[in-house]
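Asks: Let the sequences and hints guide you as you build the complete structure.
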Amino acid sequence: FFFFFFFFFFYLLAFFVSFFYSFLFVFLLASFSFYFFLPRRPTRLVSYYAFFKGWLLLSQPPSCLSLPTSFPT
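Residue numbers (UniProt numbering): 1 to 73.
Because the hints were derived from the structure by calculation, they are not lab data.
Just so you know, not all the hints are guaranteed correct.
What the hints assert, rightly or not - Ranges of calculated distance between the beta carbons of each label pair, as one might list FRET restraints: (1) Ser33 / Leu13: 26 to 32 Å; (2) Phe9 / Ser31: 30 to 36 Å; (3) Arg41 / Phe15: 28 to 34 Å; (4) Leu29 / Phe5: 35 to 41 Å; (5) Val26 / Phe4: 52 to 58 Å; (6) Phe6 / Phe32: 35 to 41 Å; (7) Phe7 / Arg41: 54 to 60 Å; (8) Phe16 / Arg41: 32 to 38 Å; (9) Leu12 / Phe32: 43 to 49 Å; (10) Pro42 / Ser22: 33 to 39 Å.
Computed from a prediction, not measured in an experiment: that's the story for all the values here.
Think of the CB as a built atom: it goes at the ideal place given N, C-alpha and C, for glycine as much as any other residue.
Replies: Laid out in structure tokens, this is it:
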């Protein structure tokens, strides 16, 4: 009789634990996927000129920040 009670107890424990973890998995999956499927603002296109202009300004050493570059701005 003790063996049956022991087996039944762990069977119920495994059932509730698996139910809890499956519920938790579905809840977390739904809550995190909520952010991926939200409508977003349309992104603005950035021209290559603006990208490389910023890159050139950042690539200069600190002593050259006040000197003009060869590119007209």
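Asks: Work down the list of hints and note, for each, if the structure agrees.
Replies: So, going through the hints one by one against the coordinates:
1. Ser33 / Leu13: 26 to 32 Å: holds, 30 Å
2. Phe9 / Ser31: 30 to 36 Å: The hint (30 to 36 Å, Cβ to Cβ) holds, given that Phe9 and Ser31 are roughly 33 Å apart.
3. Arg41 / Phe15: 28 to 34 Å: Hint violated: Cβ distance 46 Å, outside 28 to 34 Å.
4. Leu29 / Phe5: 35 to 41 Å: holds, 36 Å
5. Val26 / Phe4: 52 to 58 Å: violated, 33 Å
6. Phe6 / Phe32: 35 to 41 Å: holds, 39 Å
7. Phe7 / Arg41: 54 to 60 Å: Holds: the Cβ-Cβ distance is about 57 Å, inside 54 to 60 Å.
8. Phe16 / Arg41: 32 to 38 Å: The hinted range 32 to 38 Å is violated for Phe16 and Arg41, with Cβ atoms some 44 Å apart.
9. Leu12 / Phe32: 43 to 49 Å: About 30 Å separates the Cβ atoms of Leu12 and Phe32, which means 43 to 49 Å is violated.
10. Pro42 / Ser22: 33 to 39 Å: holds, 38 Å
Checked against the numbered hints above, the structure violates hints 3, 5, 8, 9; every other hint is satisfied.
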